[in-house]
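S.K.: Which chain is which? The protein sequence lines are A and B, in order. Going by the working numbering, the first sequence opens with residue 1, and the numbers climb by one from there. Going by the working numbering, the second sequence opens with residue 1, and the numbers climb by one from there.
Bear in mind the hints are in silico, worked out from the structure with no lab data behind them. It cannot be assumed that every hint is accurate.
Beta-carbon label-pair distances, calculated as ranges [said to hold, decoys possible]:
1. B/Asp32 <-> A/Gln10: 43 to 53 angstroms
2. B/Ala12 <-> A/Leu138: 12 to 22 angstroms
3. A/Pro63 <-> B/Arg4: 16 to 26 angstroms
4. B/Arg39 <-> A/Asn41: 32 to 42 angstroms
5. B/Leu27 <-> A/Pro65: 32 to 42 angstroms
6. A/Val221 <-> B/Trp97: 23 to 33 angstroms
All values reported here derive from a predicted model rather than from experimental measurement. From the three backbone atoms N, C-alpha and C, an ideal C-beta is built for every residue, glycine too.
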Amino acid sequence: MRGPSRRIAQAAVTLVGAAVLVWSLQLLAPGDPARRVLVANGVGNPTPTQVAALRAELGLDEPAPVRLGRWLLAAATGDLGRSWRSGAPVAAELADRLPATLRLAAVALGFALLLAVPLALIAQHRRADLAARGLVFLGAAVPSFVVGTLLLEVVVVRLGIGRVLADGSWGGAVLPAVPLALAAAAVWARVLRAAMLEVRARRHVQVARARGAGRLRVLLVHVLPGASPPLFTAIGMTVGSLLAGAAVVETIFTWPGVGPYLVEAIVARDVPVVQGTVLLGVLAYVVANTLADLAAAAVDPGRAR
Amino acid sequence: MSRRAELWTGAAVLVLLAVAALAVPLLGPDPDATDYANRLAAPSPSHPLGTDQAGRDVLARAAAGVPTSLGAAVVVTAVSAAVGLLVGVTAAVAGGWVDTVLSRVVDVVLAVPQLVLALAVVGVLGPGLTNLVVAMALAGWAPLARYARTFAAGLLHRPYVVAAELAGVARPVAALRHVVPATAGGVAAVATLGLGEVVLGLAGLSFLGLGVAPPTAEWGQMVAESTTVAGQAPWLVVVPGALIVLSVAGASLLGDALAREAP
Numbered sequence: 001m002r003g004p005s006r007r008i009a010q011a012a013v014t015l016v017g018a019a020v021l022v023w024s025l026q027l028l029a030p031g032d033p034a035r036r037v038l039v040a041n042g043v044g045n046p047t048p049t050q051v052a053a054l055r056a057e058l059g060l061d062e063p064a065p066v067r068l069g070r071w072l073l074a075a076a077t078g079d080l081g082r083s084w085r086s087g088a089p090v091a092a093e094l095a096d097r098l099p100a101t102l103r104l105a106a107v108a109l110g111f112a113l114l115l116a117v118p119l120a121l122i123a124q125h126r127r128a129d130l131a132a133r134g135l136v137f138l139g140a141a142v143p144s145f146v147v148g149t150l151l152l153e154v155v156v157v158r159l160g161i162g163r164v165l166a167d168g169s170w171g172g173a174v175l176p177a178v179p180l181a182l183a184a185a186a187v188w189a190r191v192l193r194a195a196m197l198e199v200r201a202r203r204h205v206q207v208a209r210a211r212g213a214g215r216l217r218v219l220l221v222h223v224l225p226g227a228s229p230p231l232f233t234a235i236g237m238t239v240g241s242l243l244a245g246a247a248v249v250e251t252i253f254t255w256p257g258v259g260p261y262l263v264e265a266i267v268a269r270d271v272p273v274v275q276g277t278v279l280l281g282v283l284a285y286v287v288a289n290t291l292a293d294l295a296a297a298a299v300d301p302g303r304a305r
Numbered sequence: 001m002s003r004r005a006e007l008w009t010g011a012a013v014l015v016l017l018a019v020a021a022l023a024v025p026l027l028g029p030d031p032d033a034t035d036y037a038n039r040l041a042a043p044s045p046s047h048p049l050g051t052d053q054a055g056r057d058v059l060a061r062a063a064a065g066v067p068t069s070l071g072a073a074v075v076v077t078a079v080s081a082a083v084g085l086l087v088g089v090t091a092a093v094a095g096g097w098v099d100t101v102l103s104r105v106v107d108v109v110l111a112v113p114q115l116v117l118a119l120a121v122v123g124v125l126g127p128g129l130t131n132l133v134v135a136m137a138l139a140g141w142a143p144l145a146r147y148a149r150t151f152a153a154g155l156l157h158r159p160y161v162v163a164a165e166l167a168g169v170a171r172p173v174a175a176l177r178h179v180v181p182a183t184a185g186g187v188a189a190v191a192t193l194g195l196g197e198v199v200l201g202l203a204g205l206s207f208l209g210l211g212v213a214p215p216t217a218e219w220g221q222m223v224a225e226s227t228t229v230a231g232q233a234p235w236l237v238v239v240p241g242a243l244i245v246l247s248v249a250g251a252s253l254l255g256d257a258l259a260r261e262a263p
């Protein structure tokens, strides 16, 4: 195998390894999960018979490797088990909430691209570089929950711009997308700025300049494409942190997505929901990274190993 | 800024925050003392940074948040660096199947984004500052292990390490004496570069209510508690936010300077 198929096979192996890791984390948990579920469902002091019955029902009495194998096979067919709180299938609950998160993510990634590319271009001007780097630093250092809280409470509640209750629509995604986009744009702009500086020193760019190409034309036509592979990699990495970012931002804006669902499950220690949601995040991350690598290799074949 | 200036500015910012954490409690009021008659007071001489929704002094709470926010991040970073160093050097020095197994484990951990992995760990351990620190460290050691392995593998061929082995020093001893100290500097630099991310991550998860339990002060938690009054009293969000930005700035200046210092 070579090229793309090799990269995809690698991604599949990584995904299975990560799934095993995600499942195995629950073995760290102290105490009997069955007892925890009973307590969470309002049974104050469960009797040993109740605990034993639930252990049997949840299949907890089987050895860990058997449970892991069963979970992996089920997950491969899209079955992520049932929530310990609601008893509903995790996959169905996730499918309900996923569209809102995808919408928010799409708007945020779009904004981030619209911010990052011009910022990296501006930074190519020597006098503007310091200012651009300052903005990039602030974008990366100001926590998204601070930006989100101020946007919601000052812009929406105080000034009455936008909506307080997020409904999961495209229009409603604009404001919650801002904190996510700022954090992503900061990373992308930094990566792209550095890559462009490097490409500018290459010979073909010097030739283009010597032949009289204008400054902007040199940057857009001769520098930007060559500098894009590291940006693709950075975009792929961002998709990974998106689930964590969404957990924060969606909670602030009460966005009906996957984020608040995950946070509620964590607080209640609803293990199947946590595992299923995290697995979905890992899947998105691995797929995004693989696509980014393939895209980078397509733009610049010299980079492919 | 020159490397020197970056190094000292970064270190000074972090030291200043630590000094503030020690000094403010000696001078100011109790960070947990409530005073409901005086809630949401704007900054004034008696409360230089105002009071929060329970009338607590924001300056005192900001200072009390240094150990739970920045301090916890330093602990996470130190533990991650120590584990990463141990795993990376072991893989490089042992080689063979040990290296293969450890490298695979690192690959798998790296396949889960750091904060997502931390969320998953808190999801099974339960919320709390200790569990949060454990979760962040469990998620944070892998990139440092990869770095340490690459770095240590390069060292094994250096003349002084080869000479030590030829002189009859056993491999583990040579590793401990010659490879670990040289690798530790680089790992510390890379870990310091990541400290800002850890501060942001810890504060974000604490903001979600997965960290310290109230009334303990923590910067992310302080923002979370004041979300509904942020329009009336924006300093309740701005003060902890600014301290987080300051910590990230200090860590990034220091990390940058250290990373360029490292060979």
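S.K.: Which of the numbered hints above does this structure break?
M.R.: 3, 5 and 6
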